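*Asks:* One-letter residues, chain by chain:
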Amino acid sequence: DAGVIQSPRHEVTEMGQEVTLRCKPISGHNSLFWYRQTMMRGLELLIYFNNNVPIDDSGMPEDRFSAKMPNASFSTLKIQPSEPRDSAVYFCASSLGGRNNEQFFGPGTRLTVL
Amino acid sequence: AQSVTQPDIHITVSEGASLELRCNYSYGATPYLFWYVQSPGQGLQLLLKYFSGDTLVQGIKGFEAEFKRSQSSFNLRKPSVHWSDAAEYFCAVYWDNFNKFYFGSGTKLNVKP
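As given, the protein sequences belong to chains A and B, one line each in that order. Going by my numbering, the letters in the first sequence line up with residues 4 to 117, in that order. Going by my numbering, the letters in the second sequence line up with residues 125 to 237, in that order.
Chain B extracted, bound-state conformation:
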């Protein structure tokens, strides 16, 4: 069955350290892939998306993500985390044949000073 998994519920990193948030999906067809960020009390904001082409995509706020078909993954990365990056991050997947968005359960990022 189709699903999206974010295996890390909470992650804490020190300010200035690098960050990688994991996202895996099931089902074989290549999906459309998205990462959203939700700051406390706010709606979700799109960080980046992958539809096709270059598997390394750049987004806003210095984030990037790499699509790895062989691993069914779309991990989000940032080389140096800022305190303002503390938020919840959601991976989302869309498959044409299901015509439906699937959101992961989210990863809460805490940034230590």
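Next comes chain A alone, as it looks inside the complex:
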């Protein structure tokens, strides 16, 4: 298996633009997580899906952020409109089973909002 796939790996955009980050989890995994990593705040869980259903979105910072999982093999994290403070590395992770199982992380998307 190729592991968790994220695209793009790097994204540079201007403030106010819409940004869409994509994730393909490991085949057969039924849990998917979106994280944000910054120097100031470390690694933060944004949202957690189980069987394509959002279970916990309490980490989503504000309404500008939205996430979808239309099927078991694809998820998106959208920021609209983007702001400079959204600059971070965004990781997607997947696991088989619930949250207490090992999470496999993708390589991340480094987002820079100018």
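Keep in mind that a hint or two might mislead.
In silico SDA-like pairs for lysine to any residue, Cα to Cα no more than 20 Å straight-line [claimed, not checked]: (1) B/K173 to A/L99; (2) B/K173 to A/E105; (3) B/K224 to B/S176; (4) B/K173 to A/N104; (5) B/K232 to B/S204; (6) B/K232 to A/M42; (7) B/K224 to A/E21; (8) A/K71 to A/E47; (9) B/K173 to B/S194; (10) B/K232 to A/V92; (11) B/K192 to B/P131; (12) B/K224 to A/D60; (13) B/K232 to A/P110; (14) B/K185 to B/K224; (15) B/K192 to B/G177; (16) B/K224 to A/G62; (17) B/K173 to B/N223; (18) B/K224 to B/S138; (19) B/K224 to A/S34; (20) B/K192 to B/W219; (21) B/K224 to A/V56; (22) B/K224 to A/N104; (23) B/K232 to B/S142; (24) B/K224 to A/N53; (25) B/K173 to B/A211; (26) A/K27 to B/Q166; (27) A/K81 to A/E21; (28) B/K224 to A/M63; (29) B/K224 to A/R44; (30) B/K232 to B/L143; (31) A/K27 to B/L170; (32) B/K224 to A/P64; (33) B/K232 to B/G165; (34) A/K27 to A/S69; (35) B/K173 to B/F222; (36) B/K224 to A/G100; (37) B/K232 to B/N148; (38) B/K185 to A/E105; (39) B/K185 to B/A141; (40) B/K232 to A/M43.
Read the hints as simulated data drawn from the structure, not as lab findings. Just so it is clear, the structure is predicted and the values come from calculations on it, not from any experiment.
Fit chain B to the supplied structure of chain A, relying on the hints for placement.
*Replies:* Same frame as chain A, but now just chain B:
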């Protein structure tokens, strides 16, 4: 309140020396415990995990960790560090009743030649 603490932000050790990275958690219930490693520009990779049973767990790359309930700790150790171990290490904790992962703030390991 539940939390995970990695008290050391940066650690520098010489190649070949032993290593111990500290992780403490708050809250009384026994959690599921994990250590992840993040190499520069990469995602996190699981080193080892503890769910139950033997409190000394072995992981990949020669790492081990010991769960000490009395100290609420899950410290990561390696007897002899290699230059390729330079990375950031994250402790993570999961409690059933909170149904949530908590990551520590990470410890950056630098290895001197």
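*Asks:* All hints, please: hold or fail.
*Replies:* Each hint, compared with the structure:
1. B/K173 to A/L99: holds (15 Å)
2. B/K173 to A/E105: Holds, because 8 Å separates the two Cα atoms, which is no more than 20 Å.
3. B/K224 to B/S176: The hint holds at about 18 Å.
4. B/K173 to A/N104: Status holds; Cα separation ~9 Å.
5. B/K232 to B/S204: OK: B/K232 and B/S204 at ~17 Å, within 20 Å.
6. B/K232 to A/M42: holds (12 Å)
7. B/K224 to A/E21: Violated: B/K224 and A/E21 sit about 29 Å apart, past 20 Å.
8. A/K71 to A/E47: OK: A/K71 and A/E47 at ~18 Å, within 20 Å.
9. B/K173 to B/S194: holds (18 Å)
10. B/K232 to A/V92: Cα-Cα ~17 Å, so holds.
11. B/K192 to B/P131: Satisfied, since the Cα-Cα distance of roughly 17 Å is no more than 20 Å.
12. B/K224 to A/D60: Given pair B/K224, A/D60 holds - Cα atoms ~11 Å apart, limit 20 Å.
13. B/K232 to A/P110: Between B/K232 and A/P110 the Cα gap is close to 18 Å, so the pair holds against 20 Å.
14. B/K185 to B/K224: violated (27 Å)
15. B/K192 to B/G177: holds (12 Å)
16. B/K224 to A/G62: Between B/K224 and A/G62 the Cα gap is close to 11 Å, so the pair holds against 20 Å.
17. B/K173 to B/N223: It holds: about 17 Å lies between the C-alpha atoms, which stays within 20 Å.
18. B/K224 to B/S138: violated (36 Å)
19. B/K224 to A/S34: holds (13 Å)
20. B/K192 to B/W219: Roughly 16 Å between the alpha carbons, so the hint for B/K192 and B/W219 holds.
21. B/K224 to A/V56: Holds. B/K224 to A/V56 sits at ~16 Å (cutoff 20 Å).
22. B/K224 to A/N104: Holds, because 11 Å separates the two Cα atoms, which is no more than 20 Å.
23. B/K232 to B/S142: holds (15 Å)
24. B/K224 to A/N53: holds (13 Å)
25. B/K173 to B/A211: It holds: about 18 Å lies between the C-alpha atoms, which stays within 20 Å.
26. A/K27 to B/Q166: holds (16 Å)
27. A/K81 to A/E21: Holds, at roughly 7 Å.
28. B/K224 to A/M63: holds (14 Å)
29. B/K224 to A/R44: holds (17 Å)
30. B/K232 to B/L143: At roughly 12 Å apart (the allowed maximum being 20 Å), B/L143 and B/K232 satisfy the hint.
31. A/K27 to B/L170: holds (19 Å)
32. B/K224 to A/P64: Holds, because 17 Å separates the two Cα atoms, which is no more than 20 Å.
33. B/K232 to B/G165: holds (14 Å)
34. A/K27 to A/S69: Given pair A/K27, A/S69 holds - Cα atoms ~17 Å apart, limit 20 Å.
35. B/K173 to B/F222: Roughly 18 Å separates the two Cα atoms, so the pair holds.
36. B/K224 to A/G100: It holds: about 13 Å lies between the C-alpha atoms, which stays within 20 Å.
37. B/K232 to B/N148: Roughly 16 Å separates the two Cα atoms, so the pair holds.
38. B/K185 to A/E105: With Cα atoms ~17 Å apart, B/K185 and A/E105 stay inside 20 Å; holds.
39. B/K185 to B/A141: holds (15 Å)
40. B/K232 to A/M43: holds (14 Å)
Checked against the numbered hints above, the structure violates hints 7, 14, 18; every other hint is satisfied.
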